[in-house]
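Student: Each chain, letter by letter, is given below.
2 protein chains.
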Amino acid sequence: MKADARCLICTANQALRVLNKHIRSEEEKWIRLQDMMKVISGFKWGLKPIEMGEILYSEIEKIIGKRDIYEKEKRRSNEIALSILDKIEKAVRDSADPLYDASKLAIAGNLIDLGAPSWDEERVYNKILEILEKPFGINDYETFKKELSNATSVLFIVDNSGEIVFDRLFIEMIKEYNPSVQIFVAAKSKPIINDATVQEAEEIMNGIATVIDSGMTIPGTIVEKSSEIFRELFFESDIVVSKGQGNFEGLNEEENEKLYFLLTIKCPVVADFLRLPEGTMVFMKNTKKR
Amino acid sequence: MKADARCLICTANQALRVLNKHIRSEEEKWIRLQDMMKVISGFKWGLKPIEMGEILYSEIEKIIGKRDIYEKEKRRSNEIALSILDKIEKAVRDSADPLYDASKLAIAGNLIDLGAPSWDEERVYNKILEILEKPFGINDYETFKKELSNATSVLFIVDNSGEIVFDRLFIEMIKEYNPSVQIFVAAKSKPIINDATVQEAEEIMNGIATVIDSGMTIPGTIVEKSSEIFRELFFESDIVVSKGQGNFEGLNEEENEKLYFLLTIKCPVVADFLRLPEGTMVFMKNTKKR
Chain A
1 MKADARCLIC TANQALRVLN KHIRSEEEKW IRLQDMMKVI SGFKWGLKPI EMGEILYSEI
61 EKIIGKRDIY EKEKRRSNEI ALSILDKIEK AVRDSADPLY DASKLAIAGN LIDLGAPSWD
121 EERVYNKILE ILEKPFGIND YETFKKELSN ATSVLFIVDN SGEIVFDRLF IEMIKEYNPS
181 VQIFVAAKSK PIINDATVQE AEEIMNGIAT VIDSGMTIPG TIVEKSSEIF RELFFESDIV
241 VSKGQGNFEG LNEEENEKLY FLLTIKCPVV ADFLRLPEGT MVFMKNTKKR
Chain B
1 MKADARCLIC TANQALRVLN KHIRSEEEKW IRLQDMMKVI SGFKWGLKPI EMGEILYSEI
61 EKIIGKRDIY EKEKRRSNEI ALSILDKIEK AVRDSADPLY DASKLAIAGN LIDLGAPSWD
121 EERVYNKILE ILEKPFGIND YETFKKELSN ATSVLFIVDN SGEIVFDRLF IEMIKEYNPS
181 VQIFVAAKSK PIINDATVQE AEEIMNGIAT VIDSGMTIPG TIVEKSSEIF RELFFESDIV
241 VSKGQGNFEG LNEEENEKLY FLLTIKCPVV ADFLRLPEGT MVFMKNTKKR
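As given, the protein sequences belong to chains A and B, one line each in that order.
For what it's worth, the working numbering labels the leading residue of the first sequence as 1, then goes sequentially.
For what it's worth, the working numbering labels the leading residue of the second sequence as 1, then goes sequentially.
Just chain A, same shape as in the assembly (with noise of 0.2 Å):
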């Protein structure tokens, strides 16, 4: 998907984001963001969001001498999202399609940014049970559970941190509904934004999934960028879950109609692109065949 004018304010605005964060004067925040609006004016028209998303970061990086800059935010997202996991992994289990549920839940978990300091824990828990009462904005999840049956290998590629806690739920539910499923879990090699890491993919998959170094340390995917067992699994896998607005953005020309989409809409952009509204929830089978 291919970023237009609106990315390139977008862009500007996670700058200034991560420069109130790191940087008190307001003079200097101004010199930084127009040291950022310089790179942002010399963008190729063609980029795709994610790419303006690696180059911006990593001037940021260099400019406040950090290299995980949502380390904390990250941490802090993890912890909500198992507590309110604690919670409602009993009803989503227990439920009459497990697997559905926690379908959904996975992609709530993608709609709230856990690690921003104004959502406390209940008003997160509050905001997912609200959510869940919504429906698909595009529902292919019957396709997808026929598919699963017959499937013997799942590629699932995860997007944020906090949303992999609500990730794993739905991986268990995919194994208890075919138990002789393999599952892989292809995350970031690097810490970019608040995406989920290898190492924090490890952890949260623990005994549950085979974690894999995507190769991306852009905030996405991207197939001609990512590391050859990615590549290998990406087209070899009887199912690809791609999680996320970032893994859309760089997935979505992809001709693999093995491949399904897992998101909520988050910006203006993709809104247009899918036709539908900001906050919707989408259960997508790729429509481009090879």
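You may find that some hints are simply not true.
The list treats identical chains as interchangeable, and a pair is accepted whether it falls inside one copy or across any two copies.
Using 20 Å as the maximum straight-line C-alpha spacing, the simulated SDA-like pairs for lysine to any residue come out as follows [claimed, not checked]:
1) K190 <-> T210
2) K38 <-> Q14
3) K38 <-> D4
4) K2 <-> L16
5) K44 <-> I31
6) K21 <-> P268
7) K48 <-> I31
8) K44 <-> R24
9) K2 <-> E26
10) K38 <-> Q182
11) K44 <-> I222
12) K48 <-> E28
13) K21 <-> D4
14) K48 <-> E26
15) K21 <-> R6
16) K21 <-> I9
17) K2 <-> N20
18) K2 <-> E28
For the record, the hints were derived by calculation from the structure and aren't laboratory data.
Mind docking chain B on chain A? Use the hints.
Tutor: Relative to the frame of chain A, chain B by itself:
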């Protein structure tokens, strides 16, 4: 009032809004917005937001080759406001304190971007009725009323089109409250965003006040850059009424205790400055004395 880093992004957003109206090609929008970001990257720390607006809009005018880019919207704003005034004027005039109600209507008129295509007349009307129920966040109305009793001259600095129609009723109520007062209305020299121009003010204020040219070509008022007649009236009038955020941003550091700021807080930067939430209506006497 000095701009901060948020104003850099707001200025880029304003640029994109204009580009969206005048350019169809997504690639050209991308390139032109990047041009604007380069200009914004050169803004000196210490500028007022309205000074940034002046530079930006003069660059945008070059790109789109048009002088009065909000001409249509301004006309539509005035038409909608006149039609709403028809419905609401009697209630204001018959109220317990028509001067107070008219001031509130004039401030509420500032909140609504009457030119926005999504605002039809009925929606604007309902929104205004809703706003009129809210109290002022800062309320120096009683002091204003007392000072008005003894005043012989008032300088009234108008802000946007649409809003200016409600200003007229407020000015009429000022004259009914103190028939011996002489009223001067200051408006912009030439079109800038949706600010009311001298020409427009003359049409709307016809017969009820003397219109003067403030000398301003920026979306606000800065005394050092204003016309001689404006400066004379600004310092010699018994009361000065400054409408809207743009005029507030330019005048809030003036040492003039006859000055009142009537505005609706429309952005987080002014909200932080006044320590009040966005959307708050303000009727505030200037605290800086000579």
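Student: My question is about K21 and D4: at a cut-off of 20 Å on alpha-carbon distance, are they close within one copy, between copies, both, or neither?
Tutor: between (27 Å within a copy, 15 Å between copies)
Student: Give the relationship of K21 and I9 under a CA distance limit of 20 Å: within one copy only, between copies only, both, or neither.
Tutor: both (19 Å within a copy, 17 Å between copies)
Student: My question is about K2 and E26: at a cut-off of 20 Å on alpha-carbon distance, are they close within one copy, between copies, both, or neither?
Tutor: between (33 Å within a copy, 11 Å between copies)
Student: For K44 and I31, with the copy left unspecified, which applies at a CA distance of at most 20 Å: within, between, both, or neither?
Tutor: between (23 Å within a copy, 9 Å between copies)
Student: Quick one: K48 to E26, C-alpha cut-off 20 Å, is that within a copy, between copies, both, or neither?
Tutor: Result: close only across copies, 14 Å inter versus 31 Å intra.
Student: How would you label the pair K48, I31 (within, between, both, or neither) given a Cα cut-off of 20 Å?
Tutor: between (26 Å within a copy, 16 Å between copies)
Student: With identical chains treated as interchangeable, where does the CA-CA distance between K2 and N20 reach 20 Å or less: within a copy, between copies, both, or neither?
Tutor: This pair counts as between: shortest inter-copy Cα distance 18 Å, intra-copy 28 Å.
Student: Within a copy, between copies, both or neither: which one fits K48 and E28 at a CA-CA cutoff of 20 Å?
Tutor: between (29 Å within a copy, 17 Å between copies)
Student: When Cα atoms must be at most 20 Å apart, do K38 and Q182 count as within-copy, between-copy, both, or neither?
Tutor: neither (47 Å within a copy, 51 Å between copies)
Student: From the Cα coordinates, with 20 Å as the cut-off, is the pair K44 and I222 best called within, between, both, or neither?
Tutor: within (17 Å within a copy, 39 Å between copies)
Student: First find the shortest C-alpha distance between K38 and Q14 inside one copy, then the shortest across copies, and answer within, between, both or neither for a cut-off of 20 Å.
Tutor: both (15 Å within a copy, 18 Å between copies)
Student: How do K190 and T210 come out at 20 Å by Cα distance, when the copy is not named: within, between, both, or neither?
Tutor: This pair counts as within: shortest intra-copy Cα distance 18 Å, inter-copy 67 Å.
In summary, the one numbered hint that this structure violates is 10.
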